[in-house]
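Visitor: Below, each chain spelled out in residue letters.
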Amino acid sequence: MEQAFVVVTNNPVVGKDLGEIMVVDGSFEDVLLKVRDLVYEGHQLISHPIGASMRMLFSPYRSVLVGAERSETKEVYALTIESSIDTFRRSTANRNVDYVNADDYARIDLELLKEAIKEHGIIQREKIQEVQ
Amino acid sequence: MNLELRKIEIKDVVFGEETGVKDGVLTVCKQDIINELMEDVNVKSIKVDIAKPGEKTRIIPVKDVIQPRIKVEGKGNGFPGVTSEMVQLGSGKVNVLDGVAVVTIGDIVGFQEGVIDMWGEGAKWTPFSKTLNIVVDIEPVEGLDPHTHEATVRVAGLRAAELIGKAGKDAEASTVDRYAMDDIFTETSKYPDLPKVAYVEMLISQGLLHDGYIYGVNSQKILPTLIHPNEELDGAVISGNCVAACDKITTYQHQNNSAILDLYNRHGKDINFVGVILTPELTTLEGKFRTCDYTAKLCKTLGVDGVVVSEEGYGNPDSDLLMICKRLEDSGIKTVLITDECSGWDGMSQPLADTTPEAVAVISTGNVSHVVELEPADRVIGSAEAIATLAGGWEGCLQEDGSMVCELNAVIGATSEIGYHNLTVELY
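Respectively, the protein sequence lines represent chains V and U. The first sequence begins at 1 in our numbering and counts up by one. The second sequence begins at 1 in our numbering and counts up by one.
Heads up, none of these hints are tricks.
Take a look, some chain U residues computed to stay more than 12 Å from chain V by CB distance: (1) Lys124; (2) Gly306; (3) Val360.
The following label-pair restraints were derived from C-beta to C-beta distances: (4) V:Arg70 / U:Lys297: 30 to 36 Å; (5) V:Asn96 / U:Glu375: 18 to 24 Å; (6) V:Pro12 / U:Val41: 31 to 37 Å; (7) V:Ala68 / U:Asp183: 46 to 52 Å; (8) U:Phe185 / V:Pro12: 53 to 59 Å; (9) V:Gly26 / U:Lys169: 56 to 62 Å; (10) V:Glu72 / U:Val87: 49 to 55 Å; (11) V:Ile122 / U:Lys334: 30 to 36 Å; (12) U:Lys47 / V:Ile122: 39 to 45 Å; (13) V:Ala68 / U:Phe185: 47 to 53 Å; (14) V:Leu79 / U:Asp32: 51 to 57 Å; (15) U:Val371 / V:Thr73: 37 to 43 Å; (16) U:Ile363 / V:Glu69: 37 to 43 Å; (17) V:Arg125 / U:Leu144: 27 to 33 Å.
Note that these hints are calculated values from the structure, not bench results. Even for Gly, the Cβ is constructed at its ideal location relative to N, Cα and C.
For reference, chain V alone in the conformation it holds in the complex:
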């Protein structure tokens, strides 16, 4: 069985068809803070909390994958989410959130989320085959 995941998101176009969703009623930063709480509660950080370009930091929306199960908090996950929050705050300090293009950001966030779920699924399948 694949390891279950939860999508932590404030993106309105992310639907339940993708899996379990934890909706954050708030901003990009609120999503990161929720992910931080979950990581300290022992959830695995599956996808990196921030994107691969400056532009995606100006997005109103963000979706992050975390593991559904809880265990001990791993240092690498804690360091990653903490540095991501720090990066987000520093990079957007002088910038407006780009609400004008909100629909496009929602769409691209969804596409990148789907890729992350696919990537996670492949890694999990490989692990399972190894065990068998």
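Starting from the known structure of chain V, arrange chain U on it as the hints suggest.
Guide: Below, chain U without anything else, positioned relative to chain V:
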């Protein structure tokens, strides 16, 4: 492999009845390009413009930049695996229209920026203000899904470059650059005392608008892979990345990868350049751990003494960059990182999204947050909406006289992480 890049110096570009080169002037038949690109059923319309250095022209939003070329000896014209049949690249003779660039524009999403100013302050920051730009504006048919839209624009640009490149078939080259490198064992027997150095080139590999391609294969789907430097110089690596304007590696920059050219230049003198490893920057942490482990393993298998690593993008790829660095340094391999930094308007903030104490040799290619003022253009090629996005960064960034201030991250190639740009580095 033996590759000759034969540079035909182009002094001017004009439109005319027939595409060709005469006395250093490239004539382009606009209608031929339009007709060829319109053969794709997903293309609704094509516009072709010319933008020359010094003109008060702004090009926005730029998707890719490609150097037009033609292979005159050997196999592999165009972009094998994408626009032409699959063959091994890296050998033969290639005529290059030097000084010319095909620039593709077309907004797949509204938040693309990617500006090239051909004059003034903006021109100082992008290397593509100095090229004679043939700008191809690609409008797709309605209703395409975003993946097909992106692919349509990407491939149309490559085809345009291929078509224009044909003009150089019989032209005389003013300079010929030769790139010859044998297998690692032969090269090492030639230079047994020189340190072996590999180049790791990281590629954003995260999905729509965030992809790179190797012989047409999406780099998301690969483990890190070894490639001969000539293959990249010959067009094996293509950009599908549309969002990180300042630090995305355009196809043109892959074709002329500065890190490869510099390492080649020192090969046999003070280093033994053993090859290029292309490494995907994935989205998941597990994926990152795997590719970083694998990259370090390839370097160790090659028995290198030193590695130069270049990043693409900013944000989560910083983690990959530093994980690769840590793994290599822990293995006793000296590592130099090339990256840009996001260190705030005053340049005083922490530059990267991640840190590691092993990163002791880092070359910065510029601060993406540096603010520049762009005056209004006489002519805009592209989209007014993209300018609105560019001008909407923060309160007061649009001035009364129509000029605007923006961060360097909006300017194409401004902080190129392979060093193909206008900034320089001071040694500390």
